[in-house]
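Protein chains: 2
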Amino acid sequence: MDSIKIFSPATVANVSCGFDVLGFCLDSVGDEMVIHKTSEKGIKITKIEGYDLPYEAKKNVAGVSALAMYEALQPDCGFEIEIYKKIKPGSGIGSSSASAAGSVYGMNELLGRPLNKTELTKHALKGEALASQSEHADNLAPAIFGGFTLVRSINPVDVIELPTPKDLFATLIHPQIEIKTSEARALLPNSVELKKAIAQWSNVGSLVHALHTSNYDILGKSLNDVIVEPYRKLLIPHFDTIKKTTLDSGALGCGISGSGPSIFALSKGKEDAEKVEKAMKKVYSKTEIPFYTFVSKINTEGIKVL
Amino acid sequence: MDSIKIFSPATVANVSCGFDVLGFCLDSVGDEMVIHKTSEKGIKITKIEGYDLPYEAKKNVAGVSALAMYEALQPDCGFEIEIYKKIKPGSGIGSSSASAAGSVYGMNELLGRPLNKTELTKHALKGEALASQSEHADNLAPAIFGGFTLVRSINPVDVIELPTPKDLFATLIHPQIEIKTSEARALLPNSVELKKAIAQWSNVGSLVHALHTSNYDILGKSLNDVIVEPYRKLLIPHFDTIKKTTLDSGALGCGISGSGPSIFALSKGKEDAEKVEKAMKKVYSKTEIPFYTFVSKINTEGIKVL
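Going down the list, the protein sequences come from chains A and B. Using the numbering used here, you'd call the opening residue of the first sequence number 77 and step up by one each time. Using the numbering used here, you'd call the opening residue of the second sequence number 77 and step up by one each time.
Everything labelled a hint here was simulated from the structure, so no lab data went into it. Don't take every hint at face value.
Identical copies go unnamed one by one, so any copy, or any two together, can satisfy a pair.
Said to hold, decoys possible - Under the rule of at most 30 Å between Cα atoms (straight-line distance), these lysine-lysine pairs were calculated in the DSSO-like manner: (1) K135 x K358; (2) K81 x K357; (3) K202 x K354; (4) K135 x K271; (5) K309 x K271; (6) K164 x K271; (7) K134 x K271; (8) K272 x K297; (9) K202 x K242; (10) K362 x K135; (11) K134 x K362; (12) K320 x K81; (13) K202 x K271; (14) K123 x K357; (15) K380 x K358.
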């Protein structure tokens with residue numbers, strides 16, 4: 077096999093309480109990439125469709141993670157990468173992670189899987205760092221492992237795969253304004269009140285419990301972020317209205333997806349998730365801001381060969 | 077039934093990463109209390125053995141929680157409480173919680189169980205607050221519910237019962253110096269670095285996952301406290317040596333029990349827990365400080381009628 081086409085999914089990082097560590101994988105939105113094994117050595121990006129991104133491997137997120145893996149493995153071949161970018165950069169649903177994960181996943185498949193998912197995450201982190209100026213794996217881990225993940229540590233990479241309750245659906249709204257991850261991170265304070273930190277880790281613990289027990293009630297109560305959301309929501313027009321409206325429409329919880337501007341809600345059942353989508357649309361229809369929405373089941377498979 | 081004898085167990089709060097929210101229940105150490113239903117109304121403490129504690133109900137931890145419950149229920153009777161105190165106050169294994177939980181648990185049994193465990197915790201919090209000058213349920217919840225607990229909120233009281241891996245054993249050492257919970261709390265900063273808070277909630281999440289999956293490896297890695305231990309260990313002589321020695325002896329993890337001075341370790345299997353006990357003894361035998369140690373299985377039943 078010398079060529080492979082893959083689907084690299086969008087993801088939701090943080091999941092309200094779990095800033096920098098929790099994430100889950102989406103199903104209905106993602107990039108496509110085609111990777112070719114070549115006799116000529118090196119990493120080349122030969123095609124980029126969808127968004128205007130650099131072709132030079134060292135400056136491209138998918139290229140940087142590919143180079144990291146390439147240098148580690150030193151294979152007797154090269155790779156050409158075609159990127160069909162569907163996830164808008166800066167949308168808050170793991171656009172850079174999908175790129176960073178896609179190249180290393182595809183190369184690994186073409187090489188006969190010498191690396192496991194943890195090792196792929198390690199190389200993909202290098203690409204992610206180019207985009208966000210910090211190594212974090214809260215989007216990468218769910219993209220690569222699928223489902224819900226908890227990144228216990230990135231040095232060394234230690235990812236915990238959490239169970240996904242089977243009736244859980246996500247609703248996303250993406251207001252078409254751009255927030256750079258690096259800027260959204262710069263907003264955050266260096267220190268936080270101990271009292272708030274305690275509330276946050278209590279919610280992380282109860283969210284993990286809720287996922288293990290498919291307890292939708294506890295899951296909803298745990299989706300509460302007292303540390304990051306108060307800062308980052310200021311960058312997202314009508315965030316409070318969206319949140320109130322989605323909760324009123326039956327969502328279990330609602331929060332900022334990654335560093336925004338996308339907003340996610342989780343619901344029990346597809347029907348509720350669609351009601352929530354309708355409610356989100358209603359709020360943004362009244363504004364001048366372009367947006368799109370979608371409903372997705374939780375993608376427990378993660379990145380895959382098409 | 078007009079009289080009841082109960083066993084109110086010692087508990088370990090915080091469990092390293094879960095300051096103020098996590099706790100587990102011990103088996104081999106606890107207070108005993110005898111509660112009598114009387115025709116004369118009111119709450120009376122009629123006997124205290126073991127330690128010198130106030131008889132006046134309003135000044136006694138068990139009395140204050142009893143009064144809180146008594147005022148809420150307004151029963152057509154009164155109660156006399158005998159306290160056989162085995163857990164030394166200020167030892168860090170939930171002495172005040174055992175008292176606070178014991179009175180309300182016993183009264184509830186004598187009244188035919190009008191209250192559930194959550195409601196008992198709510199009243200017991202009043203007694204706990206007398207001892208520590210703050211309402212926290214991280215010892216009360218495991219004493220009342222048994223096993224491992226996560227206190228998601230105290231207002232309203234919301235306790236999550238976590239599973240207990242069946243081979244898990246605790247080893248405790250109690251250096252006989254007194255640390256008041258209120259003083260140990262005063263040591264702590266009001267704010268913490270965001271970076272450290274993230275490490276902490278990542279560990280809380282992975283500890284909860286480890287309990288659900290009986291994954292002893294992840295459990296051990298999660299027993300890491302980067303926020304509270306660095307301050308509180310300064311109050312405990314030879315803490316670092318004990319920690320290093322117990323980990324070298326095969327403990328999964330080791331930390332301060334509650335606000336100290338007791339130190340707990342968790343091990344897989346009784347044999348390992350006993351090796352750890354031996355190692356702890358060896359360290360303290362070289363000092364002038366009186367101490368005692370014990371091994372306990374995790375008590376999944378909690379407070380009970382004898």
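### Task
Could you tell me which of the numbered hints above are not met by this structure, giving the numbers in increasing order?
1, 2, 3, 9, 10, 11, 12, 14 and 15
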